[in-house]
Amino acid sequence: MPHEVKAVVAREKKAPVSVETIIVPDPGPGEAVVAIQACGVCHTDLHYREGGINDDYPFLLGHEAAGIVEEVGAGVTGLEPGDFVILNWRAVCGQCRACNRGRPQYCFNTHNATQKMTLTDGTELSPALGIGAFAEKTLVAAGQCTKVDPAAGAAVAGLLGCGVMAGIGAAINTGGVTRGDSVAVFGCGGVGDAAIAGARLAGAEKIIAVDLSDRKLEWARDFGATHTVNSGSTDPIEAIRELTGGNGADVVIDAVGRPETYEQAFYARDLAGTVVLVGVPTPEMRIDLPLLDVFGRGGALKSSWYGDCLPSRDFPMLINLYLQGRLDLGRFVTEKVGLNDVEEAFAKMHRGDVLRSVVVF
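Numbering (this note's numbering), first residue to last: 21 to 381.
Hints listed in this document are in silico derivations from the structure and should not be mistaken for laboratory results. Values in this document were obtained by computation on a predicted structure and should not be read as measured data. Ideal placement from N, C-alpha and C gives every residue a C-beta, glycine not left out. Some clues are possibly wrong.
[Said to hold, decoys possible] Derived pair list, reagent style SDA-like, types lysine to any residue, alpha-carbon separation capped at 25 Å:
hint, residue 1, residue 2
1, LYS33, THR143
2, LYS356, ARG346
3, LYS136, HIS63
4, LYS356, CYS116
5, LYS226, LYS322
6, LYS26, ASP46
7, LYS167, LEU343
8, LYS167, GLU91
9, LYS26, GLU355
10, LYS136, ASN74
11, LYS322, ASP46
12, LYS136, GLY50
13, LYS356, GLY173
14, LYS33, LYS136
15, LYS167, ARG351
16, LYS26, ALA55
17, LYS322, ARG278
18, LYS226, THR246
19, LYS226, ASP242
[As the list claims (entries may be wrong)] Quick list of the computed label-pair ranges, beta carbon to beta carbon:
hint, residue 1, residue 2, range
20, LEU291, ASN360, 51 to 59 Å
21, ARG117, ARG371, 40 to 48 Å
22, GLY95, LEU291, 33 to 41 Å
23, ARG117, GLU225, 32 to 40 Å
Using the sequences provided together with the hints, build the complete structure.
Given below as structure tokens:
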């Protein structure tokens, strides 16, 4: 029988969100209904509200979530009611050219639930990143559920569903940070600090955090930054070069996603170094670099989509590191809020007052 639940909906572009009753259908073949326990407030949700993703309003917001499987549809294997799961937006198909080449982390045909959740008047909702988890319950493809140890707790586990995984993966999976590397990270919000934590896990020798906010730079030190640069008062390119013997960093991660920061990242890397873009740009942004510099500096310019993660591999591993005390996921949680507090959480995030507000059900 379909479920009536409370959820956060963005009805119009740039309009405040509202808490409304929605209809969650029973799971069909290959689907699951998950009772959400916690969901992080991610900047991507604000992008949806502002029209920065597409115009498929109304949106059911929320995607950085963990909870308990309540029901599964026909044909679902390896997942059953009662399982504690992190929701992901990379449910690999197993059949596309990337999957067939043994690279499922690049799956080109990730899937979501077939059925639609709706408002009570029947209006179909567009769930953020195919999840829609600012809701008491949500409907997803079974492959979007990754089982992990419930001892972690939903408020921290859910953060791996997007921002923290994106940052850690940008450093380890995309950037290939390894022991003894020098790493610079532009932007010390949730994703940037996760990249710093990932670089520390990988054994980087020098981790340089760059931001305009001294407060955020202090947060970055908590996650493992060995040096900080306030780019409002110091040229970050020169500072990074000075800190790396005049060479530039081996890996530079742009967790902001603006042309200015990308250009700084490009020139702050060592010859044959790697630039990783994990911050999300807006559609109108453009970058203009001398092609000769692109050629002459060598190395790699990479984009990191979801930290190039494979949820079935990476989520349980990172949860185990958390439970071992080697990855402080709890440090990302600035506050726990209710479903009615999402709009204010957006404002706090925009002001840089929080790393993560987490909606707890």
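To see whether the hints hold, each was checked on the structure:
This hinted pair checks out: LYS33 and THR143 have alpha carbons roughly 17 Å apart, not beyond 25 Å. For the suggested pair LYS356 and ARG346, the alpha carbons sit about 23 Å apart, so the restraint of at most 25 Å is met. Distance hint between LYS136 and HIS63 is fulfilled; the C-alpha atoms sit about 24 Å from each other, no more than 25 Å. The straight-line distance between the Cα atoms of LYS356 and CYS116 is roughly 39 Å, outside the 25 Å bound, and the hint therefore fails.
Annotation: proposed proximity of LYS226 to LYS322 holds, straight-line Cα distance about 21 Å (limit 25 Å). Our distance criterion of 25 Å between C-alpha atoms is met by LYS26 and ASP46, whose separation comes to about 16 Å. At roughly 15 Å between alpha-carbon atoms, LYS167 and LEU343 fall within 25 Å of each other, so this suggested pair holds. For the suggested pair LYS167 and GLU91, the alpha carbons sit about 15 Å apart, so the restraint of at most 25 Å is met.
Note on LYS26 and GLU355: the hinted pairing holds, with a Cα-Cα distance of about 21 Å set against a maximum of 25 Å. A distance of roughly 18 Å separates the Cα atoms of LYS136 and ASN74; the hinted pair therefore holds under the 25 Å criterion. Of the pairs offered as hints, the one joining LYS322 and ASP46 is violated, with about 40 Å between alpha carbons and a cut-off of 25 Å exceeded. Under the criterion of a C-alpha separation no larger than 25 Å, the hint pairing LYS136 with GLY50 is consistent with the structure, at around 14 Å.
For the proposed pair LYS356 and GLY173, the alpha carbon gap of about 13 Å is at most 25 Å, so the pair holds. Restraint check: the Cα-Cα separation between LYS33 and LYS136 comes to about 21 Å, which is no more than 25 Å; the hinted pair holds. Taken as a hint, the LYS167 and ARG351 pair is honoured in the structure, with Cα atoms around 22 Å apart against an allowance of 25 Å. About 12 Å separates the Cα atoms of LYS26 and ALA55, which keeps this hinted pair within 25 Å; it holds.
As the CA atoms of LYS322 and ARG278 are separated by approximately 15 Å, the hinted pair is consistent with the 25 Å bound. Between LYS226 and THR246 the CA atoms are separated by roughly 6 Å; this keeps the pair inside 25 Å, and the hint holds. Distance hint between LYS226 and ASP242 is fulfilled; the C-alpha atoms sit about 14 Å from each other, no more than 25 Å. Take LEU291 and ASN360: their Cβ atoms lie about 52 Å apart, and the range 51 to 59 Å holds.
Against the hinted window of 40 to 48 Å, the Cβ-Cβ separation of ARG117 and ARG371 comes to about 43 Å, which satisfies the hint. For the pair GLY95 and LEU291, the supplied restraint of 33 to 41 Å is violated, since their beta-carbon distance comes to about 52 Å. Roughly 38 Å separates the CB atoms of ARG117 and GLU225, a value that falls within the hinted 32 to 40 Å.
Hints 4, 11 and 22, counting from the list given before, are not met by this structure.
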